[in-house]
Structures are given as structure tokens and as C-alpha cells.
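*Asks:* In the order they appear, the protein sequences are chains U and X. So for the first sequence, the numbering used here puts the first residue at 1; every next one is plus one. So for the second sequence, the numbering used here puts the first residue at 1001; every next one is plus one.
Restricting the straight-line Cα-Cα distance to at most 25 Å, the calculated cross-link-like pairs of lysine to aspartate or glutamate (DMTMM-like) are: (1) U:118 - U:68; (2) X:1115 - U:222; (3) X:1118 - U:200; (4) X:1240 - X:1227; (5) X:1027 - X:1135; (6) X:1256 - X:1157; (7) U:118 - X:1212; (8) U:240 - X:1157; (9) X:1058 - X:1002; (10) U:256 - X:1231; (11) U:17 - U:2; (12) X:1118 - U:199; (13) U:184 - X:1148; (14) U:184 - X:1200; (15) X:1017 - U:199; (16) U:118 - X:1199; (17) X:1057 - X:1135; (18) X:1133 - X:1157; (19) U:184 - X:1252; (20) U:115 - X:1212; (21) U:67 - U:97; (22) X:1240 - U:212; (23) X:1240 - U:252; (24) U:57 - U:80; (25) X:1017 - U:200; (26) X:1115 - X:1034; (27) U:118 - X:1200; (28) X:1184 - U:212; (29) U:67 - X:1231; (30) U:256 - X:1188; (31) U:27 - U:80; (32) X:1017 - X:1152; (33) U:43 - X:1200; (34) U:58 - U:34; (35) X:1067 - U:212; (36) X:1115 - U:200.
These aren't lab readings, by the way, just hints derived from the structure by calculation.
Protein chains: 2
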Amino acid sequence: MEIVLIGAGNLATNLGKALFQSGHVIKQVYSHTEDSASALGSKLNSPYTADLTQVEKKADLFIIAVKDSVLPSVASALKEGREQQFFVHTAGSISMDVLPFERRGVLYPMQTFTKERKVDFSVIPFFIETSGKSDYGILHRLSLTMSDTVYELNTADRQYLHLAAVFCNNFANHCYNMGAQLLKQHGDIPFAVMMPLIEETVAKLYQFTPAEAQTGPAVRWDTNVMDRQMDLLSGQNDMKNIYQMMSQGIRDYQNKKE
Amino acid sequence: MEIVLIGAGNLATNLGKALFQSGHVIKQVYSHTEDSASALGSKLNSPYTADLTQVEKKADLFIIAVKDSVLPSVASALKEGREQQFFVHTAGSISMDVLPFERRGVLYPMQTFTKERKVDFSVIPFFIETSGKSDYGILHRLSLTMSDTVYELNTADRQYLHLAAVFCNNFANHCYNMGAQLLKQHGDIPFAVMMPLIEETVAKLYQFTPAEAQTGPAVRWDTNVMDRQMDLLSGQNDMKNIYQMMSQGIRDYQNKKE
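Here chain U stands alone, though its shape is the one from the complex (with noise of 0.2 Å):
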């Protein structure tokens, strides 16, 4: 396919680079820095532009892969003379309805993207929708085309599975955050020796739900491990508060079950 590509942040080059690997062709990239644009554009071998008015009119598809904050003024600078064109945007909290083109959908790679870390695109799930039947043909034969894993999901499921994903990665990236600062504070153990128990930690999951999978004290409600385990926080009120509510949020899960 020929693709236009609307954007250069870390997943429009993750993702572009996917779709040139796949052996489409990137007819255009855009981003409104010229450095961003032109350092993608000789990634993907293709011709660039920082300027809005200067995007192709005509493409098979049309990827806007922006920040969620200016997409709406984005796909609006671009209505005008691309009425026809095929536009999907890649946001995973945000209505395909921000679109203001009648052939409109999403394409949602749920991964976290880093510039400087290669992905491999074939194990990252996309779900995927569009306004019409015969464009979610083509979107999904091209999600195919970079990945294993392809589902249909509307905007409203979507954004429940994007807030999942905020959970699953960056609020447990701050749970790694916070142990990584009570190392650094106390003994001056490297973080290194987290590493196994976090890899044991995501193995259990291969096997278990995460719920069967809780150990530690407050599952056991181990009041005197907890109480001392606040002690050892006193003076970190953020944290401390972060303890006492994930610990009673592990309790409560675990009495609704029973």
C-alpha cells in the first residue's frame, strides 16, 4: 500500500518502520519539525514535509500518529481536499469520531514505544476499526501484515483496554520507580537484583491470573509486616499512601473473589 505518514514521535517511527520492513511504501512523511520529518522520511525512503499544506492529496491510507493533544487540529488542518481519502489514526484512548472524514478508523498498536529500542511489531496486538465494512478489509489485511495479533474493538472498548494498558505499564513502571528509590536510599543495593523477581512476577502470569498469582503480606493481611513496612515510610507520605491503598485494594480483590 501507499501510506502517508502523519507524524514522527517514537510510535509513527516504530510503526513506520514496520510498514517499510512489510514492503509498503511510505509516499510521505510529516512532522512539523523539518529535523524530525527529514530524519524519518531517510529511514523510510521517502520524501518529507514540515508543512501542513504541503501533504500529499492522495494516498491509500492516511496514518495520523500525533500526540493525542494536537490530533483533533491535525486531522482538521488536513480535511480540505482529501474529503475522499482513507484516514485512521493510532491513539488508543481516542474516539475514530475525531476524524473528520467520512473512510475513518483506528489502528492501535498496544505497545510502549521508545525511540532508541527496536519492537518487534509481529507479537504486538493491534485492534483495529473503521466507519466503513469494506476499509476494515483493508486495514485489517495490513495490520496482518505486521502482526500475528489483530482484533476488531470499538472506541468505547478501546479506551477501557488503553486504560488497562496505563495499569499494566506505566503504573507498574512506578512500582518499579519507587523500589528502585528505597534501594537508592537504603544499602545502595543495585536495582539489577529486582530483575529476577520482576521476570518471575510476569512468567506467573504465563500460567496464572494475576490474581491467583498475589503473594506477599497483603494478601496474607500480615498486619504486623504492613504496619512496619508503613513505619519504614514515614517521612515519604506519596509512598506511604501508595502502600496503604494498593494493599487494601489487594485485600478487597481478594474478599469479592471468596
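Once you've looked at the hints, dock chain X against the given chain U.
*Replies:* Here is chain X on its own, set in the frame of chain U:
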């Protein structure tokens, strides 16, 4: 070494197996339930007892691996007739001094143990301390027969290490559980779709600190997305509160750094 193992729970079972496989002799296994004692005894090719008064009086090392809550009473009950023996416990959050023996110590293998899962002890970090120098040598050599990573750590710092482990394991796992609940409630997407995201979140930690690796709406302080996601959680105040507090924590940490 000839070792008496007090306890037959998850940790005792996994530790006993690791000791046995490293060529040590489990002289006896004790558990307060006959079935557990017998089951572990047969795995470790070892005599067993469910009667504390029948525990051996002499061994190179006594390892008490029981629930934190019963550790003090079990240790006290074993004192008489074993005053000169070398006792260690395996509890990350409990002081060495809970053991009423002159020769005392701690052998804390930091991992989450599940009976049904085999654990590779060689990658698990061990944290040890002892009351005496020569006993430190004994415990250090023993640990190195099981693990490649052995640190000396005093009780005060070990309590923070254990607390860090609670954040990295229990609380991260509760984040996975909340994600799983959201998926179950909306769209019926299997939790397995989260695994590539979760794996990538962990894989980044080999390259970046958790703070550097952080992504998502909170670190960008994208209040549009955050407000929408809070709305999605209305009616689930436990998760909503955690959402708010974790987001604030991510934000505060970034500000502290700058």
C-alpha cells in the same frame, strides 16, 4: 552440610530442593502438619517430623522458613537443648535478633515462590547476615552453592529491600490484576494481549532506569486523557483512587528530578 529445615511452605520447599540439588544433606524436615512434612521429606530424601519436640538437637545449620507470624514462637520453642547451634531464618522483613541463639543469621533469597513452579535458584539474589564472622563464612559459602549473587545486608537495610520487593512484585502484580479486571469488564479481550506490553516494560529496565523508561499520560501530564480515564473509572472508586495517586506520584517524581 547437614541441615535441619524447619517449615514446608513455598519457600521451604523451593529452598530445600535447591539445597538438596546442591549436594547438601537435609538431615530432617519439620512441619506442623504431618502431610506437608512427609511430602517434603520424601522429595528431599529426608526424615521428617510434625512434632517440634522431636526436632534434631544437632546439625551444621538449622534453617527456619516458616510464616513471619509464627517465626518468633517457633524459634523460642527450639531453643532448649540447641543453645550452641547455628540458626538462620529466611524472612526478608524480620530482624536477625528474633532468633534467641548466639549463633544466628538470616538467609533471604529474594524471590516470589509458588509451590507449582520450579524456580532457578542460581539467578536469585541471596541477602545474608550473621551475628558472628566465622558463621558468615559458612553461610556465604552455602549461599554460593545455590546462587551466583550473594550480598551481605544488615537487618535495617534488608527491611527496605523487602519493602522494595513488595512494590516491584506485589504492587506491580496488583496493577496487572486491575488491568485484567478492566479487560474482563469491557470487550472481553483476553489478558494474554497484555503480555507483550508487560514484557517490554520489563525489558526496558535492562537499558533504562524505571524513571527514564516511564511513558504514558501521567508523565506527559496530559490532563485530557487523564480526566477521561478517571471518568471511565467512576463507580470503581478503589481503582480511581489508585489511578489518581499513581499519576500524581509519577508527576511528582519527574518534578523532583528536574
